[in-house]
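Engineer: For the protein sequence lines, the chains are Y and A, in the order given. Counting with this note's numbering, you get residues 2 to 346 for the letters of the first sequence. Counting with this note's numbering, you get residues 1472 to 1813 for the letters of the second sequence.
Calculated from the structure, these hints are not laboratory results. A virtual CB, placed ideally from N, CA and C, is assigned to each residue, including glycine. Please note that a few of the clues may not be correct.
To give an idea of the chain A side of the interface with chain Y (calculated C-beta under 7 Å), a few residues [as the list claims (entries may be wrong)]:
1) F1530
2) S1531
3) L1532
4) R1628
5) G1630
6) I1717
7) L1718
8) V1725
9) R1737
10) M1744
11) M1745
12) R1747
13) E1762
14) F1766
15) P1769
16) S1771
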Amino acid sequence: MERVHYYNFHDLLKVQIFINRPGWFDSYLEKSFRHYEVEEFKNARLVIRIGPYSPQLRECAIVDGKYFIRRNYVFYRSHYKMAWWETEIEGIESELTQVKIDCNSFARMVVPGETIYNLIRFKLGQKGYPLLHGSALGKDGMAYMFSARGGTGKTITTLNFVKRGFDFYSDDSVILGDHEIFGFIVPFNLRFTYDIESLLGIKFSFKTRRELFLKHLIYFLTLGNISLFTTLEAKEVFPHTIKNHAPLRKVFILFQGPTFKIEKNFPLEWGTTDLLINMQFECPELIRLLLAYSYCFPRNPLTNFWEGMVKQITNALKGVEMHRISIPVFYSEEIFNKIYEEVFA
Amino acid sequence: MKSISYNIHDWLRIKIDSPSWHLIKDLNCLYSYFETEGDGVPDLSVKIKNFVPDLDGCFSLDHKYYIKKDFIFLEDSDKKLKWRVQIEGLEGDRVKVTYFSPKTIYTKFPWMFFPDLVLHLYVIEPLVEMMLLRKGLVLLHAGAVNKDGKAYLIAGRGGTHKTNFVLDLMKRRFDYMSDDRVILKGKEVFSFPHSISLFSFNYHHLGREEMSWLERVKLFFFLRKNKRLGFKVVDYSRLEALTLLILTNKPSLVVREDFDLQGILRMLWFNQMMERTSYVSHKTIIGKYLEAYRFVFPESKFFPNEREWEKFLMSSFQDIPFRVIEVPEKWESHFVEKLAIG
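Working from the sequences, and respecting the hints, build out all of it.
Structural biologist: Given below as structure tokens:
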């Protein structure tokens, strides 16, 4: 049975996903982009079909035994541990991109997070909206962006800001427009060690509490060897403070260093390099895909994808204050207070 | 402690100190062609030993890369093999590498045959490429043959029959320079054979690149015996022509006409980038630690970028005839006639 989902990302990108797999596939996908699900629309720019298909591999160039490429067409196989998935992209250079994905059941956790996320990143980038890795928060209708690698303390910073009455735009990725940002809300991936309920003064549903309890139990029984991540809906964590879109006032690049240190007015060129590398670390699959296609068609517009990204980021952030902050491994209330001061400085 | 020294055309001296016991030396010493007596101070010195990294004052990324000025430390793993490596003096002329992987590697298949391969592919080669580039030399992913002092380059992704072309040309009295990498300095070409004994096995016993399982077993004994090469290697030549290969599933060979010089240079760049960012696994990419370093020090210019790289190559390939051909998957020896030769 085929099911259809429609996702509309701030009218910047419309994505239609057909699923031709047993029901369990839905749960992961739904969780990932549920925030942007809408009723129905026509003229989607990205159409994804998940389910078995037979790829059209006639007259293709073969790169590294993995990518099958001809004009406007790419097919490739990926695998990670037990999971494998095969992706066919038709119209990679066109406005309408049609994708087919076939995968085994292990890949159901990977495919939404890797492949579909990458495709959305790619389509947004093509339209001139880089999808950066970072969080965004707001006060008085102005947004502040925090870009950092995973594990630096981005999520805890976000939670602390929301606690102090900031609006929430996004925690993991941010769509960058011209001197403005759009939220890109996906579920929180939390190490359950954060006590969010008391931090934010909210109450979780019974289901979430049960899940958290079981993960605590596993952590306890394995003497701390297995610490599982918990996926939480943003709506459940911040029922009232979610906002969509705001002009961008300041950008902070956070990274882990020996001491707390602020490099004020970080040069735009260097900041752009950091933002780009941070984004590229999130999408090795997309980098390789574009390289393989560029190798076969070295003069097509896609070969300048990342250069275009640099230009877009540079233009979008011209005149926006940028600071880089190095944060020690042990994140404390004191450190958050210093960041908080810097936001209003 | 054994130490091996390599001298790459007097531009780069590498010294490797290793306690490792090698079942097959040739699979672990990729640059054996350049082996010399160890004299002089090496530009790149590598020590394989257990060590405690000095992480004082380091920035960290992903709890995996530890970085401070001129210094990278990382721990990584691939298919049950764990290793850690420390690079010092990254931006200077003398680079020091310390590498360690646990002894259990000798019990794991297939790593037991090449315990140091990871070090060569993930660490030494990106560094060699970087250090050569700083001297204005491009380590290009291409094979080369020589005739009458003229070098013919054959570039392409892995699996595009580069080695087959080189083998076939050798039958036609061309001399071997390299089947995978060359060093370019303007219009001068220098050989950079790596794993030359593996190529020598292809040359003597197969006459082609592809290997069956039985032949792999034969290779094992061949490499154990450490035979002499039996063919001439030309070190230096002048660039004469370039052929670029694309593998296809079309039934016959096609010569592509839609390329200009700019396209060729970009294609060479993407070829190089794919090699540099080769997937090790889903999460690990060769040479990614250099990007991590750039994240912390975005102002550093230690690795020339695409523009500078293209400038180097422009000086090489200006006025050089080139040809792009699409090669079918199945190798046939008449393909050689379509190369940009003669």
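Engineer: Tell me the hint numbers this structure goes against, listed in increasing order.
Structural biologist: 8, 12 and 16
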